[in-house]
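Asks: Sequence:
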Amino acid sequence: MKEGSEKPVIGIKRTAVLRCDVDDLGFGFMAGFSQQDDGRYNTFSRTATFSRNMSIFFKYYINRFAEGKHLTIVYAGGDDVFIIGAWDDALDFAVELRENFIRWTNGKLTLSTGIGLFPDKTPVNIMARQTGDLEDIAKDYGKDSIACFSNDFTFKYDTFIHEVYYGKLAIIRDFFTKEDERGKAFIYKLLSLIRERDETDRITFARLAYYLARLEDTASNKENFRIFKQKMHDWFEDSEQIRQTELALLLYIYEIRKD
Numbered sequence: 001m002k003e004g005s006e007k008p009v010i011g012i013k014r015t016a017v018l019r020c021d022v023d024d025l026g027f028g029f030m031a032g033f034s035q036q037d038d039g040r041y042n043t044f045s046r047t048a049t050f051s052r053n054m055s056i057f058f059k060y061y062i063n064r065f066a067e068g069k070h071l072t073i074v075y076a077g078g079d080d081v082f083i084i085g086a087w088d089d090a091l092d093f094a095v096e097l098r099e100n101f102i103r104w105t106n107g108k109l110t111l112s113t114g115i116g117l118f119p120d121k122t123p124v125n126i127m128a129r130q131t132g133d134l135e136d137i138a139k140d141y142g143k144d145s146i147a148c149f150s151n152d153f154t155f156k157y158d159t160f161i162h163e164v165y166y167g168k169l170a171i172i173r174d175f176f177t178k179e180d181e182r183g184k185a186f187i188y189k190l191l192s193l194i195r196e197r198d199e200t201d202r203i204t205f206a207r208l209a210y211y212l213a214r215l216e217d218t219a220s221n222k223e224n225f226r227i228f229k230q231k232m233h234d235w236f237e238d239s240e241q242i243r244q245t246e247l248a249l250l251l252y253i254y255e256i257r258k259d
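UniProt numbering numbers the first residue of the sequence shown as 1 and each following residue consecutively.
Worth flagging that the hints you see were computed from the coordinates, not collected in a lab. These numbers come from a predicted model, not from an experiment. Glycine is no exception: its CB is placed at the ideal position from the N, C-alpha and C atoms. A couple of the hints might just be wrong.
To be verified - Cross-link-like lysine to aspartate or glutamate pairs, in silico, DMTMM-like; alpha carbons within 20 angstroms at most: (1) K121 - D259; (2) K143 - E240; (3) K139 - D21; (4) K184 - E246; (5) K139 - D158; (6) K156 - E246; (7) K13 - E179; (8) K59 - D80; (9) K156 - D133; (10) K189 - E179; (11) K222 - E240; (12) K139 - E179; (13) K108 - E246; (14) K156 - D80.
What the hints assert, rightly or not - Here are the computed distance ranges between Cβ atoms for each label pair: (15) T200 - P119: 45 to 51 angstroms; (16) K143 - Y60: 37 to 43 angstroms; (17) S55 - E240: 36 to 42 angstroms; (18) D174 - I56: 35 to 41 angstroms; (19) E196 - S51: 50 to 56 angstroms; (20) D120 - N53: 35 to 41 angstroms; (21) D259 - N151: 23 to 29 angstroms; (22) A206 - F186: 32 to 38 angstroms; (23) D259 - G142: 33 to 39 angstroms.
Between the sequences and the hints, there should be enough to build the whole structure, so can you do that?
Replies: Listed below in structure tokens is the structure:
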């Protein structure tokens, strides 16, 4: 782990591996210059400048994004990154890296990222291989994507950042902070109902409605519960929204677990 990290490690005791690289770097670079004024910008000096700027980002600025986090940069080359560390810091890093990379390249280049989650003492070669597979899955998803932990949780980067990480996870965290007496049983029940969801069987939708209606009667803050219940109903109706919700719930569970 990175020395001098002041941020405490929270939640589940797992090691995260992050691997990412730039999508279609060579093709995008050559095509971009060759299409300008019959390729007269495709010169050695511009190529060297571009390569130098990419190197600066991945060898210098990337260290800033890891500061204060429990992360070790194993490798950061001209267009790819390999990092090991705390699972929550790896997610923070993935978001910060992508947002800054988009600004650095004026949105002309994108990243594909895989994040694997492993028990302590898992051999590095196994973690590297499996996370590399997730990185490939992200690329196959259409690039500018992230695969979190498994093939099931692959999203376009903007969707992950705004709909999951800063969206549903924040809503879930806020609700359970105010309803802490509900405990983990409520969270795991929601997760179970989501995983049982079947669009061809409306009974699975009725189970969620019935379960939440029962709990609303005993809620200490009925208005807060009513708002959350409506959001869950809305998310449950849409297959993509509920997939995002499942990952958000998992991330919250990882935050509060003590093992």
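Asks: Are the hints correct? Go through all of them and say.
Replies: The hints, checked one at a time:
no.: 1; hint: K121 - D259; result: holds, 15 angstroms
no.: 2; hint: K143 - E240; result: holds, 18 angstroms
no.: 3; hint: K139 - D21; result: holds, 9 angstroms
no.: 4; hint: K184 - E246; result: holds, 15 angstroms
no.: 5; hint: K139 - D158; result: holds, 15 angstroms
no.: 6; hint: K156 - E246; result: holds, 16 angstroms
no.: 7; hint: K13 - E179; result: violated, 25 angstroms
no.: 8; hint: K59 - D80; result: holds, 10 angstroms
no.: 9; hint: K156 - D133; result: holds, 17 angstroms
no.: 10; hint: K189 - E179; result: holds, 15 angstroms
no.: 11; hint: K222 - E240; result: violated, 28 angstroms
no.: 12; hint: K139 - E179; result: violated, 39 angstroms
no.: 13; hint: K108 - E246; result: violated, 31 angstroms
no.: 14; hint: K156 - D80; result: holds, 18 angstroms
no.: 15; hint: T200 - P119: 45 to 51 angstroms; result: violated, 36 angstroms
no.: 16; hint: K143 - Y60: 37 to 43 angstroms; result: violated, 25 angstroms
no.: 17; hint: S55 - E240: 36 to 42 angstroms; result: holds, 38 angstroms
no.: 18; hint: D174 - I56: 35 to 41 angstroms; result: holds, 38 angstroms
no.: 19; hint: E196 - S51: 50 to 56 angstroms; result: holds, 51 angstroms
no.: 20; hint: D120 - N53: 35 to 41 angstroms; result: holds, 38 angstroms
no.: 21; hint: D259 - N151: 23 to 29 angstroms; result: holds, 25 angstroms
no.: 22; hint: A206 - F186: 32 to 38 angstroms; result: violated, 18 angstroms
no.: 23; hint: D259 - G142: 33 to 39 angstroms; result: holds, 35 angstroms
Consistency with the previously given hints fails for numbers 7, 11, 12, 13, 15, 16 and 22, ordered from lowest to highest.
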